[in-house]
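Undergrad: Use the sequences and the hints to build the structure in full.
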Amino acid sequence: MTRQNDNSDTGGREAVRFDGVTKRFPPNVTALDSVSLSARFGEVVVLLGLSGSGKSTLLRHVDGLQLPTEGSVHVLGVDVAAARPKALRRLRGRIGFVFQQFHLVPTLTVLENVCTGALARLRGPRLGLPTYPRRIREAALDQLDRVGLADRAFQRADTLSGGQQQRVAIARAMLQEPEILLADEPVASLDPESSHQVMELIKRVATEDDLTVLCSLHQVDLALAWGDRIVGLHTGRVVMDTPVADIDHADAMSIYARVGAENVADAAAE
Amino acid sequence: MDTPTKTPGTAAPHRRTLAVPRVNTMAATAVGLALLGFGVWSLIALRINVATLIDSFDNAVEFLGRVVPLDFPPPGELLALIGQTLAIVIAATLLSMVLSIPLAFWAAGNTTRNRVTRLGSRAVIVSMRAIPDLVLAIIFVRVFGLGVIPGVLAMGLHSIGMIGKLYADAIEQIDEGPRTAIRATGARRLQQLVSGVLPQVMPSFVATAMHRLDINLRISVLLGYVGVAGIGKEIKNALETLNYPRGIALALVVLALCIVMELISGAIRRAILGPQADTRRGGILGLMGRARRGVAAGTAAAARRVSVPMSGRRFARLAWTFVGVMIVLVSVGFVGRDLFDMTGSGIANTLDRLWPPDTGGVPSAELIDAMFVTVQVAFAATLIGAVLALPVGVLAARNVAPRLWLGKVFRMFIVCVRGVPELILAIVFVVMIGLGEVAGTLALSIGAIGLFGKLVADSVEEVDPGVEQALRATGASRSQVFFAATLPQALPAVIGHLLYQLDVNIRSATLLGIVGAGGIGYYLLQASRVREFGTVTLITLMLFGVVMLVELIAMWLRRTAGARS
Numbered sequence: 001m002t003r004q005n006d007n008s009d010t011g012g013r014e015a016v017r018f019d020g021v022t023k024r025f026p027p028n029v030t031a032l033d034s035v036s037l038s039a040r041f042g043e044v045v046v047l048l049g050l051s052g053s054g055k056s057t058l059l060r061h062v063d064g065l066q067l068p069t070e071g072s073v074h075v076l077g078v079d080v081a082a083a084r085p086k087a088l089r090r091l092r093g094r095i096g097f098v099f100q101q102f103h104l105v106p107t108l109t110v111l112e113n114v115c116t117g118a119l120a121r122l123r124g125p126r127l128g129l130p131t132y133p134r135r136i137r138e139a140a141l142d143q144l145d146r147v148g149l150a151d152r153a154f155q156r157a158d159t160l161s162g163g164q165q166q167r168v169a170i171a172r173a174m175l176q177e178p179e180i181l182l183a184d185e186p187v188a189s190l191d192p193e194s195s196h197q198v199m200e201l202i203k204r205v206a207t208e209d210d211l212t213v214l215c216s217l218h219q220v221d222l223a224l225a226w227g228d229r230i231v232g233l234h235t236g237r238v239v240m241d242t243p244v245a246d247i248d249h250a251d252a253m254s255i256y257a258r259v260g261a262e263n264v265a266d267a268a269a270e
Numbered sequence: 001m002d003t004p005t006k007t008p009g010t011a012a013p014h015r016r017t018l019a020v021p022r023v024n025t026m027a028a029t030a031v032g033l034a035l036l037g038f039g040v041w042s043l044i045a046l047r048i049n050v051a052t053l054i055d056s057f058d059n060a061v062e063f064l065g066r067v068v069p070l071d072f073p074p075p076g077e078l079l080a081l082i083g084q085t086l087a088i089v090i091a092a093t094l095l096s097m098v099l100s101i102p103l104a105f106w107a108a109g110n111t112t113r114n115r116v117t118r119l120g121s122r123a124v125i126v127s128m129r130a131i132p133d134l135v136l137a138i139i140f141v142r143v144f145g146l147g148v149i150p151g152v153l154a155m156g157l158h159s160i161g162m163i164g165k166l167y168a169d170a171i172e173q174i175d176e177g178p179r180t181a182i183r184a185t186g187a188r189r190l191q192q193l194v195s196g197v198l199p200q201v202m203p204s205f206v207a208t209a210m211h212r213l214d215i216n217l218r219i220s221v222l223l224g225y226v227g228v229a230g231i232g233k234e235i236k237n238a239l240e241t242l243n244y245p246r247g248i249a250l251a252l253v254v255l256a257l258c259i260v261m262e263l264i265s266g267a268i269r270r271a272i273l274g275p276q277a278d279t280r281r282g283g284i285l286g287l288m289g290r291a292r293r294g295v296a297a298g299t300a301a302a303a304r305r306v307s308v309p310m311s312g313r314r315f316a317r318l319a320w321t322f323v324g325v326m327i328v329l330v331s332v333g334f335v336g337r338d339l340f341d342m343t344g345s346g347i348a349n350t351l352d353r354l355w356p357p358d359t360g361g362v363p364s365a366e367l368i369d370a371m372f373v374t375v376q377v378a379f380a381a382t383l384i385g386a387v388l389a390l391p392v393g394v395l396a397a398r399n400v401a402p403r404l405w406l407g408k409v410f411r412m413f414i415v416c417v418r419g420v421p422e423l424i425l426a427i428v429f430v431v432m433i434g435l436g437e438v439a440g441t442l443a444l445s446i447g448a449i450g451l452f453g454k455l456v457a458d459s460v461e462e463v464d465p466g467v468e469q470a471l472r473a474t475g476a477s478r479s480q481v482f483f484a485a486t487l488p489q490a491l492p493a494v495i496g497h498l499l500y501q502l503d504v505n506i507r508s509a510t511l512l513g514i515v516g517a518g519g520i521g522y523y524l525l526q527a528s529r530v531r532e533f534g535t536v537t538l539i540t541l542m543l544f545g546v547v548m549l550v551e552l553i554a555m556w557l558r559r560t561a562g563a564r565s
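Those protein sequences? They're chains W and D, same order as listed.
So the first sequence is numbered by the working numbering: it starts at 1 and just counts up by one.
So the second sequence is numbered by the working numbering: it starts at 1 and just counts up by one.
One or more of the hints may lead you astray.
[To be verified] Partial selection, computed: residues in chain W whose CB lies under 10 Å from chain D:
(1) G42
(2) L108
(3) E112
(4) C115
(5) R121
(6) G124
(7) L127
(8) T131
(9) Y132
(10) R134
(11) E138
If you are wondering where the hints come from, they were derived from the structure by calculation, not from laboratory data.
Ideal Cβ placement from N, Cα and C applies to all residues, glycine included.
TA: The structure is reproduced here in structure tokens:
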């Protein structure tokens, strides 16, 4: 399943690049504040930060689910904000997204849920397994095999446990044959055992398919063990952007400690 | 997780990629198709097609010639009529509210432990719903004579079926915390109910009553056909003497009344439920709001105030409440005046004549035929209504409408259609294309846009937006997201709503027969005219049987289709 990314046209440069991205939500929330960062092809970037620090918003900007108020986002050589709807959909097809809440269609079968990962390649709307071409269904079954859930193919998605649902969601993303994988706190709503399984699975498919990964996490140890680079966010600003080799646990924890530190600083200033 | 990784292409060539069809799924599909088939066949049997509709449009021109210029009654007379109608409707709704409150407390599981009381109360509520208000009106007109009281009693009692049930549901949904806390202070049971439960349910009690007020206003027109005083009776008199300019003018007055009433009751419901709904929805914000109010209360206490300070808003609210109470009192007084010269002699006599059921000389085959026509009208109307309402409802949903303003336009359209009583539509269609089933079917079809269209829009908006977003993230197009994520999530609810619309249509189709829109309703009206009460009972039972049958099929279909694949 290992696939070499054809990086020749982009000269092996960045897969993702943010230039001074600011995102404001009316009336006065600033979710991202002049964020600049980049991810090289094949790199695993782990985003750390408190809830509400802008991790999800940042990930959503990568595949244009949200567009920047200021600044620009380039992904796989495409200017996301300037892309026309069709080009944007094609770009999204090349990016897998795994959500914290899985987001499967509860009333559809597991297999059909995986098949929806191929929609960007298919023309027209689909409802019901028979409406998907056989080759897609087989590819979907292969992906289910890969996450170890082929025996659940014809069950309704809402009959699965949380961990299993997340594995189905990963299979859906893998059916896209993506070049980039975005994961937004993929294990935050799972128990420790399922968390471990899901995290191992994400690491395995990312390595096997040589994916560029942007993943937000809360587990600092995991981030240090898996990531190539740690990006720390706080109130929408990048407060740390360091190769894993250069930091230790205490450094990484400082991202979380920042709130306390700032409060102390504020108090001292007054 | 231990399954070895497979590469595509090495999979067994005959792997199953489709689910094995299940018996339940197939049975549900078969029943669904059968219902659809019956609907199509009804359309054909009732001769509703493009040609009929074009004919109707020709008639529409002629219709205008017949009703223009409209003939409104003199202003004084008109105001008196409106006042009378409103008084009946308000008094009836109040009666129903007063009777429903104890029934609801007895029916709710968290306020009544005794099973017998609970089931008994539920049974009363359900049976009130089962007896059509029209039938109650026929009985009460016979007992108390023509006038105001039969209308108040008929609507007051029948409304218990809806109000009582919604009240009981509201009581069961309360937060038990406050009541437990009040019990912990040593309060008695009634104190617990009044201080811990009533404040929580009061807003929804009033909102439900306001909703029922809208419904009763529409029904009051129908009751006019069997002798209840008010605008409905005048419409009937005008149409019977072929005085179309007067009849349609009065119908327009009803339409205006309905719209004004809907606006007022909507405003009141928003005023009552709005802030509370925001608190619930606001999550953290709501919590902060509550905390702030708590602090404010604390400050007031510090200033040793023992009454709520009078602010402009509070004054306005009190003034409006006063106006509302005065309107209700005047209505009750108006109705009460009639109560004194009531004889009410014939109760025993009438009840006696209700049993046994009896065809009253009408061949039973004729009755069964008429009942069948009513069912056909309901099915045909549901089918046309669904075809019209589905796209409208889907496009009115915020998450599907291609443009925000387009969704709002469709929403407005639905609200407007909802404001038009089906009965008024039926009356207009009867005058336009003549007596018969086509008029009834068209009226119900249009009415479906208001009800089914709204329910579709709501259930489409209620789907989990995360799933839609996940598919958008895979690069799926707008229509692909709709079919793969939105529709499958909304479908069970939409099917449920369609079956509900069918149920509503069967009841409405019967009632529309009263104004000459075909089917069994005509025989009901005849029976009440010649005082064949046995026939009234028989028709009521037939209707009850049909509705039960449809409801059973619907229930089975809902369960089976809900558990599908």
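Undergrad: Tell me if the interface restraint on W/R121 is satisfied: Cβ within less than 10 Å of some Cβ in chain D.
TA: holds (8 Å)
Undergrad: Please verify that hint: W/G124, Cβ, nearest Cβ of chain D, below 10 Å or not.
TA: Holds: closest Cβ of chain D sits about 7 Å from W/G124, inside 10 Å.
Undergrad: Given W/E138 was flagged as interface, is its beta-carbon under 10 Å from a beta-carbon of chain D?
TA: This interface hint holds because 6 Å falls under the 10 Å limit.
Undergrad: Have a go at the W/E112 hint: is there a Cβ in chain D nearer than 10 Å to its own Cβ?
TA: holds (8 Å)
Undergrad: At a threshold of 10 Å, is the proposed contact between W/T131 and chain D supported by beta-carbon distances?
TA: holds (9 Å)
Undergrad: Against chain D, is W/C115 within 10 Å by beta-carbon distance?
TA: holds (9 Å)
Undergrad: With 10 Å as the cut and Cβ atoms as the points, is W/L108 at the interface with chain D?
TA: Nearest chain D Cβ about 5 Å off; hint holds.
Undergrad: So, W/Y132 near chain D? Judge it on the closest CB pair being under 10 Å.
TA: Result: holds, 8 Å to nearest chain D Cβ.
Undergrad: Identify whether the interface hint at W/L127 stands, where standing means a beta carbon of chain D within less than 10 Å of its own.
TA: holds (4 Å)
Undergrad: Is the shortest C-beta separation between W/G42 and chain D less than 10 Å?
TA: violated (20 Å)
Undergrad: Does W/R134 pass the interface check with chain D, least Cβ-Cβ distance below 10 Å?
TA: This interface hint holds because 6 Å falls under the 10 Å limit.
Going down the numbered hints, you'll see the structure goes against just number 1.
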